[in-house]
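In order, the protein sequences belong to chains A and B.
Taking the numbering used here, the leading residue of the first sequence gets 1, the next gets one more, and so forth.
Taking the numbering used here, the leading residue of the second sequence gets 1, the next gets one more, and so forth.
Since the hints were made in silico from the structure, they are not lab data.
Each residue gets a CB set at the ideal place from its N, CA and C atoms; glycine is no exception.
Mixed in with the good hints, there may be bad ones.
Under 10 Å between C-beta atoms, here's a sample of chain A residues computed to sit facing chain B [to be verified]: (1) Asp38; (2) Ala53; (3) Thr59; (4) Gln60; (5) Lys171; (6) Val261; (7) His262; (8) Ser268; (9) Val271; (10) Arg311; (11) Gly313; (12) Pro315; (13) Asp316; (14) Ser334.
The lines below spell out each chain.
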Amino acid sequence: MASWKSWAETATISAAALLATLALFGGFVALRGLRPLDVYAALFTGAFGSWFAIEETLTQSAPLMLTALCTALPARAGLLVIGGEGALVVGGLATVLAGVLLVDAPAPLAVIAMGAAGALAGGAWIGAAGALRHRRGVNETISTLLLNYIAIAVMNHLVTGPIRDYAQVLKPASWSIAEGFRIGDIPGTGIHWGLAVGVAAALLAYGLMRHTTFGFAVDILGGNVRAARMAGLPIGRMILTTCFMGGAAAGLAGTIEVAAVHGFASSSLAVGYGYTGILAAFLARQHPLAVAVVAILLGGISASGGLLQRRFGLPDAATLVLRGLLFVAVLAASTLYGRGRVFRRAA
Amino acid sequence: MNESSLTRRQVLRASGGLTGAAALSALLPGLEARAAAKPMTVGFIYVGPKNDYGWNQAHAVAARKIAQLEGVKLIEQENVPETIEVEKVMEGMIRQDGAGVIFPTSFGYWPHILKLARKYPDVLFVHIGALWKEGDPKNTIGYRGYMEEPHYLCGVAAGHASKTGKIGFIGSKPVYFIFNNANGFILGARSVNPSLTCHVVLTGDWNNPVREAEVTQSLIDQGVDVIVANVDSAKVVIENAERRGIMSCGYHTDLSELAPKGFLTGAEWNWAAGAQFVKAWQTGGPYPNLLRGGFRLDMVALSPFGRAVPETVRATILKSRQAFTDDSLKLYRGPLKDNEGNVVLTAGQVIANDDNKFKLAVNFLVEGAIGKTGLKK
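With these hints in hand, go ahead and build the complete structure from the sequences.
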């Protein structure tokens with residue numbers, strides 16, 4: 001009984017946040033002399049209006065699902081990790097190194113190794129922040145934020161020197177992985193396999209967090225550290241594990257960016273998927289399945305950004321404004337939980 | 001509504017169109033359509049914001065001129081990275097907006113253009129790197145202006161304006177066209193004052209405002225009193241120069257508004273020359289796949305003079321510009337030494353202004369430059 005009521009509460013509050021966002025954004029658009037409904041129509045067309053648009057939306061959403069898990073999983077243990085961007089970058093670097101080292105290996109083996117390398121590197125990266133938090137009390141939000149800058153600096157160093165491919169003249173980039181190691185598109189679509197990886201990771205995370213004692217224990221830790229300690233839960237191990245899993249997800253996003261999109265590491269890896277992932281995790285209220293849905297929504301906003309520019313002359317920042325408004329509206333709306341009496345009566 | 005008012009409106013509209021067409025054919029001599037121009041959606045893609053006082057703005061200015069062509073509808077998208085993203089944007093323009101000509105205006109878009117050009121043979125892709133070579137798709141074009149020519153004219157202005165005999169050139173990457181521009185600037189300045197020197201500093205990045213500001217300050221501290229910057233956006237450099245009370249020249253597009261006191265003139269692209277490709281694509285006419293040119297082909301331009309340039313100097317500069325236009329002035333002519341004392345050209349040796357083989361291989365700074373190319377030879 002309580003469960004459908006809480007679903008109804010979530011749905012109502014989310015819808016209210018969405019409507020508030022659209023109203024505010026409509027105001028901005030109207031200030032520029034455009035008709036908000038026209039813009040919303042184009043927003044929909046650009047995101048879901050054609051197969052071409054849907055392909056683009058889903059492609060954009062794949063890395064977001066994974067980087068969102070980087071924030072969502074540790075958040076269940078009560079940690080605020082914002083290091084998805086850095087984990088993605090080191091994951092991408094590790095992928096390139098694995099791919100180049102295993103150049104003579106059979107392709108399926110190499111692809112698995114590249115994925116493992118990406119996940120391990122990303123996991124270790126955020127896991128280190130988890131360890132610092134547990135052993136030294138270093139604030140994980142600050143440390144993961146700073147680790148982003150370190151990751152990007154390390155990448156810039158490597159691709160402009162030690163692993164630079166001088167045959168790529170247009171910009172500094174690393175060696176490329178073999179053409180046979182590229183993971184292509186899902187047959188019959190223009191969407192690469194990264195989407196399947198993202199959905200699988202979200203499902204796995206959901207199963208782990210909702211249907212295992214580990215997930216239950218993590219929720220206790222996230223809810224009340226003292227209670228968890230009193231219950232004798234292995235807090236350190238749980239913090240490290242959730243951080244590692246989150247980092248591994250973002251590292252896999254790096255693998256996908258390298259193996260499905262670029263073929264090499266360069267500054268093109270750090271284009272903000274990690275930061276948008278934080279937004280996705282918060283919009284999904286750290287729920288692993290909701291993360292996948294929200295990632296598609298955000299992917300749609302990114303995918304339609306071009307159409308808004310081309311049809312209405314809106315600046316590129318328009319979709320950023322929309323995303324920002326959405327974020328603020330959802331955060332503000334989250335204070336409404338537990339206040340709607342209709343969801344409480346006769347519970 | 002009666003009949004006569006309707007007629008008058010029609011007449012007005014028709015005459016407006018005629019004036020527009022007349023103005024256009026005056027702007028673009030020799031480009032009058034032989035066949036009727038097909039309606040054409042033209043897409044411009046920028047790597048940064050289109051009001052950046054630099055590279056992207058120069059293209060956005062051209063886009064607005066091209067949009068005035070008969071039958072042309074302009075669509076634009078900015079902040080598109082040089083990744084697979086630009087392929088999606090180009091495909092979106094083609095499939096969602098029906099674009100027939102696309103101007104992806106960043107250097108690094110080229111490999112992505114080559115991929116899409118094979119997939120969409122009915123779309124013309126015009127790129128700004130002049131990287132086209134035999135074997136590349138016929139529906140791709142590379143074009144680029146000889147910016148060393150307007151830099152020479154900026155140099156003449158700088159040579160007249162400099163009191164310290166020291167001027168400065170801030171560059172981005174150690175590549176041939178940056179060296180050509182520096183050389184043009186120095187040769188122009190030394191045609192006025194043969195003992196003048198020019199500090200040449202490369203920042204190493206297309207876009208690094210902090211370093212650009214530092215270099216500007218340091219050059220001014222060393223006594224430089226005219227400066228030009230070959231970076232993505234010269235805004236920071238010019239504003240710093242203006243604040244410190246020295247003079248500056250612009251780059252990419254008209255930057256005169258940034259420095260009301262110290263602006264001399266500037267080297268501008270005329271990317272609107274790309275209108276000829278749109279025209280050709282509309283009418284099925286012929287077009288070159290590779291086009292490089294300077295003032296003679298109207299592919300570069302000079303910014304309006306600032307008030308620091310006296311009338312007599314303006315006349316000299318305009319005379320030199322005319323000399324480039326009628327090809328009587330050659331940029332590289334002997335005797336010419338580089339700044340390490342090596343002989344580049346002996347007396348009497350002259351390099352044609354459109355000698356691409358020579359210009360693309362330029363890896364030296366001419367005599368009078370203080371600074372290094374940073375290249376290993």
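Against the structure, the hints come out as follows:
With 10 Å as the threshold, the beta carbon of Asp38 of chain A stays out of range of chain B, its nearest partner Cβ sitting at about 15 Å, so the hint is violated. The beta carbon of Ala53 of chain A comes within 8 Å of a beta carbon in chain B, closer than 10 Å, and the hint placing it at the interface holds. Interface restraint check for Thr59 of chain A: the shortest CB-CB distance to chain B comes to about 8 Å, inside 10 Å, so the restraint holds. Interface hint status for Gln60 of chain A: upheld, as the beta-carbon distance to the closest one in chain B is roughly 9 Å, under 10 Å.
Taking 10 Å as the C-beta cut-off, the interface hint given for Lys171 of chain A holds, the closest approach to chain B being about 6 Å. The beta carbon of Val261 of chain A is positioned within 10 Å of a beta carbon in chain B (closest approach about 5 Å), and the interface hint is therefore held. With its C-beta approaching chain B no nearer than about 7 Å, His262 of chain A sits inside the 10 Å limit, and its interface hint holds. For Ser268 of chain A, the interface hint holds, since its Cβ comes within 10 Å of a Cβ in chain B; the closest pair sits about 4 Å apart.
For the restraint placing Val271 of chain A at the interface with chain B, the shortest Cβ-Cβ distance is roughly 6 Å, inside the 10 Å limit, so the hint holds. Given hint, Arg311 of chain A at the interface with chain B, holds; its Cβ is 8 Å from that chain's nearest Cβ, closer than 10 Å. Taking 10 Å as the C-beta cut-off, the interface hint given for Gly313 of chain A holds, the closest approach to chain B being about 7 Å. Because the closest C-beta pair between Pro315 of chain A and chain B is about 7 Å apart, less than 10 Å, the hint holds.
The closest approach between the C-beta of Asp316 of chain A and any C-beta of chain B is roughly 4 Å, which is under the 10 Å cut-off, so the hint is satisfied. The criterion of a C-beta within 10 Å of any C-beta in chain B is not met by Ser334 of chain A, whose closest approach is roughly 31 Å, and the hint is violated.
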